[in-house]
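Number of protein chains: 2
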Amino acid sequence: MSKKGFHVAVVGATGAVGQQMIQTLVKENFPIKQLSLLSSARSAGKKIVVNGQEYTIQEAKPESFEGVDIALFSAGGSVSKDLGPEAVKRGAIVVDNTSAFRMDTNTPLVVPEVNENDLHQHNGIIANPNCSTIQMVVALEPIRQKFGLKKVIVSTYQAVSGAGAAAVQELHEQAQSILTNEPFEPKVLPVKSDQSHYQIAFNAIPQIDKFEENGFTFEEMKMINETKKIMHLPELQVSATCVRIPVAVGHSESVYFEIEENGVSANEIKALLMDAPGVILQDDPENQLYPMPANCVGENDVFVGRIRKDLDEDRGFHMWVVSDNLLKGAAWNSVQIAESLIRLGLVIEK
Amino acid sequence: MSKKGFHVAVVGATGAVGQQMIQTLVKENFPIKQLSLLSSARSAGKKIVVNGQEYTIQEAKPESFEGVDIALFSAGGSVSKDLGPEAVKRGAIVVDNTSAFRMDTNTPLVVPEVNENDLHQHNGIIANPNCSTIQMVVALEPIRQKFGLKKVIVSTYQAVSGAGAAAVQELHEQAQSILTNEPFEPKVLPVKSDQSHYQIAFNAIPQIDKFEENGFTFEEMKMINETKKIMHLPELQVSATCVRIPVAVGHSESVYFEIEENGVSANEIKALLMDAPGVILQDDPENQLYPMPANCVGENDVFVGRIRKDLDEDRGFHMWVVSDNLLKGAAWNSVQIAESLIRLGLVIEK
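Chains R and S supply the protein sequences, listed in that same order.
Okay, so the first sequence: first residue is 1 according to full-length UniProt numbering, each after it adds one.
Okay, so the second sequence: first residue is 1 according to full-length UniProt numbering, each after it adds one.
Do not take every clue at face value.
The list cannot tell twin chains apart, which means a pair is met if one copy fits it or any two copies do.
As the list claims (entries may be wrong) - Only pairs whose alpha carbons sit at most 30 Å apart, straight line, appear in this in silico DSS-like list of lysine-lysine:
1) Lys81 - Lys350
2) Lys61 - Lys33
3) Lys270 - Lys210
4) Lys192 - Lys350
5) Lys228 - Lys151
6) Lys33 - Lys187
7) Lys270 - Lys192
8) Lys3 - Lys192
9) Lys270 - Lys151
10) Lys33 - Lys228
11) Lys228 - Lys81
12) Lys228 - Lys150
13) Lys270 - Lys150
Note that these hints are calculated values from the structure, not bench results.
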């Protein structure tokens, strides 16, 4: 902490993403003058050590945002809806990791590698997209820029940490029960607030978030709608099937996409992604090099591999995209937005 | 065992699929007069109890097939190539669960619900398709019959038992090591005979079988080529991404398909699959009903759910297909082929 810099608040400081936000701020040497760690009344009073200094978690209230420059929210949609505008009213810029404002036409939805310039249109709140959307658009954007983009069909392999720390604990406890042949009762996944809960250890659950009337889940519709908004491609054809698998951290995605141009080779796509911001190309089948969630944990980047041309469709390609859902999918993208705001002069030291 | 019936040989009797073949023969009350359990020299001499009777595993040799009516092979491609023709020479019909003869133009590749009549063209050997192919074509065939089929894009979530019993043991031991923070060394997956081995517990590996020069794996090319052959659709556009996930038994598939007809609803597809042979429809999002691998273990059927129409492509649909890869994907389909052979009069009691 120095005397220069910003007063930063983290709302939801005790959650899986909040914890990562704090660690990322430290790791990235974010210019912090003062740090407020906020949470629900339930977690208030807990103590956390950040960079050698002890902090007491405070209950998030409208007054908590007095003097705050940048507020990173990750405490659920209703907290963002209630307190986000209160923070803005008090002069803070809000970077919100919930879905509360993502599709609001007055709120930019930003992945810095893709649409950093949308930050200029902000009205106090900037939305951080859904984790599964972020890593996909980081990989797709350089391709769109060069060859156009017409269609995307994605099937996800999502980690349980996307459903919070309790889901990770459930995965590990269940796995242990199954290995030692003990009974267990699923309580968290697929969706804590939904009616039925199912085994996730050694299983795959094709439900993330609740279902909409059209048969898609909210998670799937988030991927569909957010991708179009972030990429400024309202006509893009996107469809998604979102599946939870027994992985703690790291989302994987099998992505089929069609570009606008004919005659492009897989090597041209690989060359593009080799130099793309935020992307690490891991694509060498001969040496069994491809991205895997176990290798991406703790990394800020989006890992792409298995790039190959469709055997029938000249403009069709397949790729495999992996990233740490708590970092690029959440905490890192939020901190990165805050860094962009500073660089673009959209937040100024008071 | 009765005096009537057939002399059946199981080759690879100690393997994961061989064991399921024996259990399936018993469970299905297959008319067996005599049962020969064969394996490599390494496993010969072991004793197995089948239906209360003890059998000693014999080493598979050309002479082992004297008097055999039906030989179910599942001991690896090279064993099938060596001993399959020897069995045929001695009057047996071979149902081969390896990839040795699948794409051979003189060998029918059969999923009874789809192309039982191809059995009439057999020349002694009938090939059982790859596990991931079988469950997909069972779900697609009724749709093709009614509405035609133009394109398929599949991403798989495959169980480790497809790589044999050692892979299942590796999954469980690794999971235990990770849960108790002990070191471990991957030795089996993704492909025992390939150079590098990777963690499968709490991970996802986008490699099943080795890579071909076109960037697809052999597993992916099997799904592509076998689907066209079984469905008699050489022009069908098929592409596949095959991924191993930490599940012991039960393959899942996210399948996008395009039919030939316009204006078809998801409910029409559901109605078709409700009455389709070998299919159990589990599709009620409101009540969180959809197929999951943990629920399909030990079942012969193919479970289909999450059927929904694509939001952009009128002829496009998505579905989620799950089946026990050791049963419908291997043992049950092989025994079912044997049952079809009997019913069609293509094998006769001696």
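Evaluated hints:
1. Lys81 - Lys350: Classified as within: same-chain Cα gap 26 Å, cross-chain 78 Å, threshold 30 Å.
2. Lys61 - Lys33: Cα proximity of Lys61 and Lys33: one copy only (21 Å, versus 79 Å across).
3. Lys270 - Lys210: between (36 Å within a copy, 21 Å between copies)
4. Lys192 - Lys350: neither (41 Å within a copy, 61 Å between copies)
5. Lys228 - Lys151: Classified as both; 11 Å inside a copy, 24 Å across copies.
6. Lys33 - Lys187: neither (41 Å within a copy, 50 Å between copies)
7. Lys270 - Lys192: between (40 Å within a copy, 28 Å between copies)
8. Lys3 - Lys192: Answer is neither; intra-copy 42 Å and inter-copy 58 Å both fail.
9. Lys270 - Lys151: both (19 Å within a copy, 25 Å between copies)
10. Lys33 - Lys228: For Lys33 and Lys228, neither the intra-copy (37 Å) nor the inter-copy (64 Å) Cα distance is at most 30 Å.
11. Lys228 - Lys81: within (23 Å within a copy, 52 Å between copies)
12. Lys228 - Lys150: both (11 Å within a copy, 27 Å between copies)
13. Lys270 - Lys150: both (19 Å within a copy, 29 Å between copies)
Violated hints, in rising order: 4, 6, 8 and 10; the structure is consistent with all others.
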